[in-house]
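Chemist: Chain by chain, the residues:
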Amino acid sequence: MKPKRKTSAQEAVERMHDDAVVFIGGFGRGGVPENLIEAVCQKRLRGLTIVSNNAGTSSTGIARLLEEGCVRKVVCSFPLAKESVVFKGLYNKGLVDLEVVPQGTMAERIRAGGAGLGGVLTPTGVGTDIAEGKQVIELDGRNYLLERAMRADFALVKAHKVDPMGNLVYRKAARNFNPIMAMAADWVMVEATSEVAVGDLDPEAIVTPGVYVDAYVAIASAGQSMETAA
Amino acid sequence: MKPKRKTSAQEAVERMHDDAVVFIGGFGRGGVPENLIEAVCQKRLRGLTIVSNNAGTSSTGIARLLEEGCVRKVVCSFPLAKESVVFKGLYNKGLVDLEVVPQGTMAERIRAGGAGLGGVLTPTGVGTDIAEGKQVIELDGRNYLLERAMRADFALVKAHKVDPMGNLVYRKAARNFNPIMAMAADWVMVEATSEVAVGDLDPEAIVTPGVYVDAYVAIASAGQSMETAA
Amino acid sequence: MTATGLTLDQMAWRLAQELEPDWVVNVGIGMPLAVVPFVDPAKDIIFHSENGIIGMGPELEGTGVVDNDLLSAGKRPVSLIPGGSFVHHADSFALARGGRLDAAILGAYQVASNGDLANWKLPGARTGSIGGAMDIAIGARRVLAIMTHKTRDGEPKLVERLTYPPTALGVVTKVFTDLGVIAIREGRFILEEVAPGVEVGEVSAATGAELCTEKTCIMSLPR
Amino acid sequence: MTATGLTLDQMAWRLAQELEPDWVVNVGIGMPLAVVPFVDPAKDIIFHSENGIIGMGPELEGTGVVDNDLLSAGKRPVSLIPGGSFVHHADSFALARGGRLDAAILGAYQVASNGDLANWKLPGARTGSIGGAMDIAIGARRVLAIMTHKTRDGEPKLVERLTYPPTALGVVTKVFTDLGVIAIREGRFILEEVAPGVEVGEVSAATGAELCTEKTCIMSLPR
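Residue numbers (my numbering), protein chains in the order written: chain A, 1 to 230; chain B, 1001 to 1230; chain C, 2001 to 2223; chain D, 3001 to 3223.
Just so you know, these hints were derived from the structure itself, not from any lab. Note that the structure is a prediction, hence the values are computed from the model and not measured. Hints are not guaranteed to be accurate.
Said to hold, decoys possible - Chain C side only, calculated, beta carbon under 10 Å to chain A, not exhaustive:
| id | residue |
| --- | --- |
| 1 | GLU2050 |
| 2 | VAL2087 |
| 3 | ALA2090 |
| 4 | ARG2097 |
| 5 | THR2127 |
What the hints assert, rightly or not - Straight-line Cα separation of at most 20 Å, EDC-like style, residue types lysine to aspartate or glutamate; simulated pairs:
| id | chain 1 | residue 1 | chain 2 | residue 2 |
| --- | --- | --- | --- | --- |
| 6 | B | LYS1134 | A | GLU138 |
| 7 | C | LYS2043 | B | GLU1138 |
| 8 | D | LYS3075 | B | GLU1083 |
Quick reminder that beta carbons are idealized off the backbone N, C-alpha and C, glycines included.
With the rest of the complex left out, here is chain A (with noise of 0.2 Å):
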């Protein structure tokens, strides 16, 4: 097995483009992938489609772009935050797109977009608004809406620690959405927040396999796990 390509932040995100399809891993500020954002921030893309739980909240990561002007549409199943400010004022003056998604739901999309399935029956959200031109089909007796499969142009993912073959570990609760994203976008960063030589990771115990991944970083981020409460 060939190493994956190992660059910068700057390099990483070089092919990608306005308009694209973007998830972005991280729940709350727990595995956010915020050297990858800042690095799309300065390449100053337009008309990004961001999926992601979250909104971004203060004035860090989704935020940071929807503060950029690169975002044209979020989907997510948080979007109203108390700490969602930047969101929140350009969703109020119609500067952005909103499709909002149970968080469960989200996570089947994406896993059934990373598993080459077309959707998923769920019984998430019948009788409610989310059923909205939504297909309902009944099995025994029960009602299921058809959610359709999520796939991405681009995935950015927050990892511990990455091989050179792109093999990933996660840390505690910031594995979240980043091992399912990053199996169901065409171009797989990560950023990762240290190194290990091949051989270092139990085969066990990796969550990610290297197949999964493009191109990483290693990087530890100021603002990530074990920062001092304000």
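Once you have looked at the hints, place chains B, C and D on chain A.
Modeler: For chains B, C and D alone, coordinates are given in the frame of chain A:
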């Protein structure tokens, strides 16, 4: 978290009953819970539906259950291996029913059962005998089969290590169907090669969280890993 | 009128008594978080956090250092119990929808007598934050709602039919309010317990649907 | 007539040349297994085994001890390459269907000129063993079939329309037989290479559909 029920193979299978649907892990001879299977044989159950990748090889694993007359139906992907002599004998005499499921579809149907989904849409099997009687759904010009979720009354799972909370890790390719079967059965019994203390398993490397496990047996199988070649 | 009802701590204490030993329980953000400190550690409840924590331990306070990789769904620093583990988001919600949650504790805007739950979006609002509520509500074996009995404007929140956008249909099994404990069975609200000092008639009047009070007891509070 | 064609080893050698560096490749059981020893290790091919091995190493021989926990899909003892890993069955087939397999090498009963593949069940048989073939055939970016050009009875296996039960429709990209290499493009068989010593007309006669031979070269074999 209270310890799970640690028990003998005989006690573990006590609540199993005739006509139950039973998941059994394994692929070839890797990851087959042979001691639990033997306990089921000794209980002389009847009318079981067995869901497993193979239909038993030589006279081990599922072949034992078939030999003992416990099985009414086998659901599997690979029934006709050269060594599946017991199955072929019974099948040719019409003494056991068979449902053949593509291996990846079987995996997704089981996972869907575990994930509380009604089913998945898969491109696998479109235009083949497997599609018979199944709903075809077209999305963006591509056809998918609606494959129903599958659950079982009981799962027999083979793990490498178990802790008293029921957390599991597996060994190499003996992982196979075991983790997804553990997610999708109402009562999950585990046969682990060894037992370790709580905290000995790395929380990042646990494959099956203990919440899925109902009872476990710690026992080294004679016919399992590292046997001398015949 | 509800001045005689329970405090939030008392509501939370009462709900905590509902949890049985060894249950796997998901706790929503907001009011449900108040329940956790009242849960008897001897019950060995396994808390599930939607962001992939199985065996979430108590919240950490005043340590000065925040581990952003170990936050609750409410984004507060927590710990992991011995024997706990981490899974990714698809596996976390597989657990929630797949029937391994014995109970979910959720906040609510409205609960209907058929068990319908509204807790994510205000009527007429352009949008709201669903988070994991729809999946958890549909998946948990028991949905325990905790909310005030009435809105700030004095409108009943226990209703015959939702007027707020629903989160999930027919899922709520019990409601814990400042006035009492209301079970939902066969499409009816059943007042199982009334808060000490509150009249049963007062609860009926504050409820927007028929309330069965035949077997109502007075709630026992500690001390 | 096919006495002048390639041996199995030669067919396997030729197919092995088709694999490009760093590809992720699934190898089916049966004839495809013959390909692996001919693959240049310098190409760093990552072999995927359906039973959850990513980075399957060469088969082990004559060690006397068999590790049943590390067998190929064909149930033969194998190794894991450095940097390899294990996944469960749902994740293994997610990889196969999800587009991360650059190629799959599969045996075949029949291949049709529209790319339809038959390899799991004989006509009229009550059943057959599918295994992972349907998922892998539908998921891999390229399906490379390896088979003899004709059946033992002399019937063509490259056909205009399948008469055997299909495994997957429109998936085969190239066929490697004892007589040559046949690409499938726009619903047509294209004889890219003919085995040394075999006449192009002989291949056409052995093929049950139109065979485009405009740009056929003679295959170069080693030595």
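Chemist: Please go over all the hints and tell whether each is borne out by the structure.
Modeler: We went through each hint and held it up to the structure:
{"no.": "1", "hint": "GLU2050", "result": "holds, 6 Å"}
{"no.": "2", "hint": "VAL2087", "result": "holds, 7 Å"}
{"no.": "3", "hint": "ALA2090", "result": "holds, 4 Å"}
{"no.": "4", "hint": "ARG2097", "result": "holds, 6 Å"}
{"no.": "5", "hint": "THR2127", "result": "holds, 6 Å"}
{"no.": "6", "hint": "B:LYS1134 <-> A:GLU138", "result": "holds, 14 Å"}
{"no.": "7", "hint": "C:LYS2043 <-> B:GLU1138", "result": "violated, 50 Å"}
{"no.": "8", "hint": "D:LYS3075 <-> B:GLU1083", "result": "holds, 11 Å"}
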